[in-house]
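Protein sequence lines correspond, in order, to chains G and H.
When the first sequence is numbered by our numbering, its final residue is 413 and no position is left out of the sequence of numbers.
When the second sequence is numbered by our numbering, its final residue is 426 and no position is left out of the sequence of numbers.
Don't take each hint at face value.
Stated by the list, open to error - Covered by chain G, per the in silico footprint, the following chain H stretches (three or more residues, Cβ under 8 Å): (1) 7-19; (2) 105-116; (3) 254-265; (4) 294-302; (5) 319-326; (6) 360-371.
To be clear, the hints were calculated from the coordinates, so they are not data collected in a lab.
Glycine included, each C-beta is placed from N, C-alpha and C at the ideal position.
Next come the chains, spelled out residue by residue.
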Amino acid sequence: MIQYEKFTLANGLRVLVHEDKSTPMAVLDVIYDVGARDENPNKTGFAHLFEHLMFGGSVNVPVYDEPLQIAGGENNAYTSNDLTNYYCQLPAENIETAFWLESDRMLSLAFSEKSLEVQRKVVSEEFKEHYINKPYGDVWHKMRKLAYTKHPYKWMTIGEELSHVENATLQDVKDFFFEHYTPSNAILVVAGNVTIAEVKMLAEKWFGPIPAGNKYKRDLPQEPKQTEARKLEVRANVPLDAIYKCWHIYPRLDQRYYVVDLITEILSGGGSSRLFQSLVKEKKLFSNVECYHVGSTDAGLLTIEGKLLKGVSMADAETAINEEIKKLQAEGVTEKELEKVKNKTESTMAFNDMSITERADSLAVYELLGDANLINTELGKYQAVTTTDIITESRVIFDEKNCSTLYYYSNNA
Amino acid sequence: MINRTLAPEIKDATEFNLQLKPYEKFTLDNGVEVYAINAGAQDVLQLEMIFYAGNSYEPANAIAAVTNHMLKNGTSTKTAFQINEHFEYYGSHCNRSCSNEIASVSLHTLNKHLNVLLPVMKEMITDSIFPEDELATYKQICKQKLSVSLQKCDFVANRLIDAYVFGSDHPYGKVITAADYDAITTDQLKQHFNKYYLNGKCVMFVAGLLPKDIFQQLNKNFGSLSLNKQQIILPAHQILPAIEKKYRIQNDANGVQGAIRMARPFPTRHHPDYMKTMVLNAVFGGFFGSRLMSNIREEKGYTYGIHSYIQNHIQDSAWLISTEAGKDVCEATVEEVYKEMELLREELIDEEELSLVRNYLIGSILGDLDGPFHIIGRWKNIVLNNLDEKYFYDSITAIKTVSAEELQALSEKYLKAEDFYELIVI
Numbered sequence: 001m002i003q004y005e006k007f008t009l010a011n012g013l014r015v016l017v018h019e020d021k022s023t024p025m026a027v028l029d030v031i032y033d034v035g036a037r038d039e040n041p042n043k044t045g046f047a048h049l050f051e052h053l054m055f056g057g058s059v060n061v062p063v064y065d066e067p068l069q070i071a072g073g074e075n076n077a078y079t080s081n082d083l084t085n086y087y088c089q090l091p092a093e094n095i096e097t098a099f100w101l102e103s104d105r106m107l108s109l110a111f112s113e114k115s116l117e118v119q120r121k122v123v124s125e126e127f128k129e130h131y132i133n134k135p136y137g138d139v140w141h142k143m144r145k146l147a148y149t150k151h152p153y154k155w156m157t158i159g160e161e162l163s164h165v166e167n168a169t170l171q172d173v174k175d176f177f178f179e180h181y182t183p184s185n186a187i188l189v190v191a192g193n194v195t196i197a198e199v200k201m202l203a204e205k206w207f208g209p210i211p212a213g214n215k216y217k218r219d220l221p222q223e224p225k226q227t228e229a230r231k232l233e234v235r236a237n238v239p240l241d242a243i244y245k246c247w248h249i250y251p252r253l254d255q256r257y258y259v260v261d262l263i264t265e266i267l268s269g270g271g272s273s274r275l276f277q278s279l280v281k282e283k284k285l286f287s288n289v290e291c292y293h294v295g296s297t298d299a300g301l302l303t304i305e306g307k308l309l310k311g312v313s314m315a316d317a318e319t320a321i322n323e324e325i326k327k328l329q330a331e332g333v334t335e336k337e338l339e340k341v342k343n344k345t346e347s348t349m350a351f352n353d354m355s356i357t358e359r360a361d362s363l364a365v366y367e368l369l370g371d372a373n374l375i376n377t378e379l380g381k382y383q384a385v386t387t388t389d390i391i392t393e394s395r396v397i398f399d400e401k402n403c404s405t406l407y408y409y410s411n412n413a
Numbered sequence: 001m002i003n004r005t006l007a008p009e010i011k012d013a014t015e016f017n018l019q020l021k022p023y024e025k026f027t028l029d030n031g032v033e034v035y036a037i038n039a040g041a042q043d044v045l046q047l048e049m050i051f052y053a054g055n056s057y058e059p060a061n062a063i064a065a066v067t068n069h070m071l072k073n074g075t076s077t078k079t080a081f082q083i084n085e086h087f088e089y090y091g092s093h094c095n096r097s098c099s100n101e102i103a104s105v106s107l108h109t110l111n112k113h114l115n116v117l118l119p120v121m122k123e124m125i126t127d128s129i130f131p132e133d134e135l136a137t138y139k140q141i142c143k144q145k146l147s148v149s150l151q152k153c154d155f156v157a158n159r160l161i162d163a164y165v166f167g168s169d170h171p172y173g174k175v176i177t178a179a180d181y182d183a184i185t186t187d188q189l190k191q192h193f194n195k196y197y198l199n200g201k202c203v204m205f206v207a208g209l210l211p212k213d214i215f216q217q218l219n220k221n222f223g224s225l226s227l228n229k230q231q232i233i234l235p236a237h238q239i240l241p242a243i244e245k246k247y248r249i250q251n252d253a254n255g256v257q258g259a260i261r262m263a264r265p266f267p268t269r270h271h272p273d274y275m276k277t278m279v280l281n282a283v284f285g286g287f288f289g290s291r292l293m294s295n296i297r298e299e300k301g302y303t304y305g306i307h308s309y310i311q312n313h314i315q316d317s318a319w320l321i322s323t324e325a326g327k328d329v330c331e332a333t334v335e336e337v338y339k340e341m342e343l344l345r346e347e348l349i350d351e352e353e354l355s356l357v358r359n360y361l362i363g364s365i366l367g368d369l370d371g372p373f374h375i376i377g378r379w380k381n382i383v384l385n386n387l388d389e390k391y392f393y394d395s396i397t398a399i400k401t402v403s404a405e406e407l408q409a410l411s412e413k414y415l416k417a418e419d420f421y422e423l424i425v426i
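Using the sequences provided together with the hints, build the complete structure.
Here it is as structure tokens:
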């Protein structure tokens, strides 16, 4: 049971406090309710570029990192299609430094031309490193466009194309900041060796005076139901043929999400999972095969991907995947198999809760989803899933009409 | 109104009294030592069994790593599937890893399942049979993975730079090829297993909110095994560094970035320069506020990240600079790295910068002592490097007290351009 207390400042900033006296450290985590899905289709990659700019100085503090390092702190941030999260960890005695730095950049940034110019280049190199200069690096770029026709999940967090980031202007940066980086669009979590009273006082002192700003109203185009199979063939200079199949699944808060999450574990959660045992070990068609989803807030994708062993045909590989799916749809799972993936979920959660950084992150993400207490109640939702749910959902999801397939052929094979 | 231009008061991080929680040590009936940290709030634990079975002991490339991996691929009574299913049913993770001197088998589990998991770990380390069919499949997987990795400039650069510094016959510089995997036989694996696991040298590390009978459980399962009976001698490997220092390699005709690696030999943790050099490394390229990062990423935007570090080796080490930079700015990046070395040799680090680095390092160690797994990680590093807790406290002292003059002297000694191997792989 993770204990926490929640209060809201007059400007709308939600604050959660989790006390843990066993550590000398404290974590301050700020989540902003903005991700790549909130971007203008012609200015993609902006939420992530913006994350970089948040370290380029704020209105009263010329540099973010140095004062934090002097206080013995470390920080980082990440951007997803759904949200942007900033977190720092430092000795608990110095927690006020984190309040000072984070509140100043929520108040306003320095908006420096130089910082924008450099970070455009840095993000371009990040784009190259992860998505261009790497075998199979463009898969998700292509797959998102295939699987989504309307919803902004059709582009990646890093951006639809390099030029969007390269053309970003300072005015774009300012507009984005004042639309999204306001107290009413943010959640603050403080965890570690702190007291609730101390956090209340510091939150009022540093974040209280920030103007509320406007609450961003999200109105995203919804993805229409897919009604026919989509297929795309790609040829590239990669050593091995690969296949990627994606099916639309459910939003994060839908009860069926938990069923689907357990299905991915049954298919590929380890050395005894179905796809690995059948396709890698027994049939010897793949050198690796995985099934996963990324837990996105709006309806996401369940993916099965694999690299084919040399000499195996794409048709045979796909048939074998489909046979495993049919078997699941026809026979379902045993109680023992379901128990296995539930046990794994329980254990994963216990290990995640080991670190205050993870606990702070989970509280912030769950609060953003609408209820921080999911940190304590979510295991129950997994426990409630039955073998009947698994068979029912596997029949709904794994419909070829709901599927996008990317055949990624090697030029050298 | 608060004055937001003024930083709040802080406790200087160097004033923190860092304590490394002492371990408890048990010795099993057969002499195997178990280092234990009992701490934490969750009912979970981590057990790591270390064997002196790394690639320094192997007769041919990849034998040690493949033997280690295949400890989960079948015993005389269980198939690979059954072993995996057993661990996974209880929501636990049993992992293997292999490095140069040591190879390990580890377990992460909820405490309540420990008693049904340990007997299977015992089976793995006493009764693995290395089935032909499992080896054939695993070789295919390794070769396919290697073929993808070889297309990545960073992977190619990492292998080559190690080979330049240590020589490709040295365990630290080995370059594994597909032909190496093809040549592996189950007999070789069985021999390695027999010598270095079944009759090997073992030490254990366990951490978490430990059950009261942890010693009894470990002793019951592992205390009567034939471990630590024979002397395991580390074969001598000669370092044969490359003569040529500068390399430019075209690996991918369509590459848009180059992987840059620069490296020089460096002594181990036992050397008197080691601790102070760790502080110098932080200033140079060891964290986000370092000079390399500030100049090459934050000022010039040539790269997403650039780092320097001292390799975590036991016998001998190297100091490396590593980055991926735009194809057109690779040469400029190398030039800037040398300029930063020159600055460190020629100018004293000012007190403001040095104090920031001291505080950052202390804060970072404090954060890294959070929880039983981190604490045992520190101890493991100390024990496996034949050091003691004095090493931990002396490192702290070095961070708090090293002077700018000493750092300059170290720069003059170690950051000389002519000593560095230099490699760009595009």
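Cross-check of the supplied hints:
1. 7-19: Per the Cβ count (7), the hint holds.
2. 105-116: holds (count 3)
3. 254-265: With 4 residues in contact (Cβ-Cβ under 8 Å with chain G), the coverage given for the segment 254-265 of chain H holds.
4. 294-302: holds (count 6)
5. 319-326: holds (count 3)
6. 360-371: holds (count 9)
The structure fails none of the hints (numbered hints given earlier).
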